[in-house]
Amino acid sequence: MLSAVVIPAFIWWLVVEILGLVTLPLAFRLFRALPDRGYALSKPLGILLCSYLFWILVTFGFLANKREAIIFVILLGAAISWYLYSERKGEGILAFLNRHRRVVLASELLFTAAFGLWALVRAYNPEIMGTEKPMEFAFLNAILRSERFPPHDPWLSGYGISYYYFGYLMMAFLTRLSGLPSEVTFNLGIALLFALTLTGASSLVYNLVYKDKEGSALTFGFLGALLVALIGNLEGFLEVLHTRGLGSTSFWQWVDIRKLASAPVSGQWLPTDHWWWWRASRVVHDVMLGRDMEVIDEFPFFSFLLGDMHPHVLALPFVLLALALALNLFRSQERLNWPEVGLLGLSVGALGFLNFWDLPTYSLIVVAAYAIGRYIQGHFTLGGLEFGGKLVILSLLLYLPFYLGFRSQAGGILPVLFVKTRWHQYLVMFGLFVFVLFSFLIAQLRELVISEKGVTVRETLTRGFSIFLVLLISPFFLLLLTLSMVLINEGTRTFVIQKLKEAAPLFPDMPPALLDPWP
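Under the numbering used here, the first residue of the sequence shown is numbered 2, with each subsequent residue one higher.
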């Protein structure tokens with residue numbers, strides 16, 4: 002029985018390690034401004050590069066969806082990786098790895114331990130049923146069965162999948178390469194995403210805080226990994242209070258989390274009702290037109306525990322890859338050449354194919370990191386806009402076959418008018434991270450006062466308030482942008498008018514003009 006778990010897990014782990022080695026030279030060249038030279042990021046980079054080459058060559062009919070084609074694109078990826086590595090200047094990869102073997106060992110131990118742990122968790126909960134798992138499993142199998150891309154839609158014969166399916170293609174790529182059945186690799190894929198998220202977050206934090214001591218930077222990297230992949234919101238703490246019978250009825254009604262309206266007196270430490278942990282993903286909710294409306298506020302650990310392979314989970318390692326690229330751009334003092342810009346476009350553009358709404362968010366972060374970095378180095382010009390234009394164009398062009406065949410049911414952008422987030426709901430979701438953020442800002446202000454003795458308390462407070470003000474008003478600018486999108490889109494205007502008319506009986510004094518503000 003143990004061999005049925007260990008052997009497939011070892012094969013899957015080995016396949017990912019090989020792909021990481023394939024693009025390690027490329028990561029070493031690309032992340033040259035980071036202390037660890039992108040070692041931990043070589044695994045998601047390898048999966049991304051080889052999966053992209055496989056997808057684009059099969060889409061255009063140069064290759065078939067077979068294992069031999071996968072081996073070919075891995076060799077092609079290795080050739081690209083070593084060619085770009087040969088263009089480097091300075092220290093070689095072997096010398097660097099030997100000098101930083103502590104970082105390499107820590108990264109590999111974290112990846113292997115995290116993968117092994119979550120493979121064991123999934124072995125005890127291997128069922129692929131409930132929630133969106135059947136859909137996700139259907140996509141995985143549809144890709145494996147398709148000779149050409151786009152893959153067949155498992156629900157609509159004769160049509161291709163009209164969904165951002167790149168994450169499923171990556172899992173199908175690894176499935177075919179490993180030779181394991183898809184019902185096994187579905188769960189191994191969850192374990193892999195967990196491990197890649199932990200190591201990616203650890204690497205990012207390590208590179209953020211490293212100065213001259215590897216030990217302390219590794220410690221903070223590990224803490225960062227815990228915060229990203231394991232720490233959820235504060236609803237679990239409220240569950241403990243509720244189960245212990247602490248808090249009045251009015252308090253729990255104010256908290257307003259489903260099934261926590263009154264505090265039972267059980268004397269236990271953990272709830273016993275079925276799927277009680279599900280409530281942590283439905284903290285924000287409201288009542289509209291007599292119906293309970295909820296926001297799906299899932300977080301990484303919830304998805305890993307559920308065993309969900311939805312696009313927002315599949316994208317997690319590659320979101321961290323994009324953030325690492327942004328940090329590298331921020332610190333780099335060298336001009337980018339076209340191959341590097343192309344790799345940036347490949348990595349950032351993949352987010353649109355993985356989980357579309359990540360694309361504008363992280364594109365903006367990457368461009369801002371480049372522009373701010375150039376400004377700090379005294380080279381601020383219109384180059385930031387030029388770089389942003391190149392990045393956006395490449396991000397779309399490299400994945401153009403996907404966009405040409407994509408048909409979405411969504412018809413535009415709308416503000417969320419019917420589910421408000423109350424301040425205590427926001428703190429339940431993000432309270433721990435808000436505390437960490439403001440603690441960091443206070444520490445930075447304190448260091449500023451110490452390092453710049455000429456800076457007065459008034460100037461320090463002014464700078465701190467300016468930062469706080471930017472954080473405060475940014476959501477309002479986003480709201481104005483969203484409303485402007487509503488005004489120029491006929492479909493969204495119609496939707497808003499319809500919802501206003503549905504709400505009219507609840508507000509008899511509503512001015513008639515509000516029911517049709519765009520005649």
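Derived by calculation from the structure, the hints in this document are not laboratory data.
This structure is a prediction, so every number in the text was calculated from the model and none was measured.
Among these hints, one or two may not hold up.
Okay, derived cross-link-like pairs now, SDA-like style, lysine to any residue, Cα gap no bigger than 25 Å in a straight line [as the list claims (entries may be wrong)]:
| no. | residue 1 | residue 2 |
| --- | --- | --- |
| 1 | K134 | K214 |
| 2 | K260 | H425 |
| 3 | K260 | P272 |
| 4 | K421 | I297 |
| 5 | K214 | L235 |
| 6 | K391 | K421 |
| 7 | K260 | D298 |
| 8 | K214 | H425 |
| 9 | K214 | K67 |
| 10 | K260 | D274 |
| 11 | K391 | I297 |
May I ask which of the numbered hints given earlier this structure violates, with the numbers listed in increasing order? Going through the list in order, the structure violates hints 1, 5, 6, 8, 9 and 11 and respects the others.
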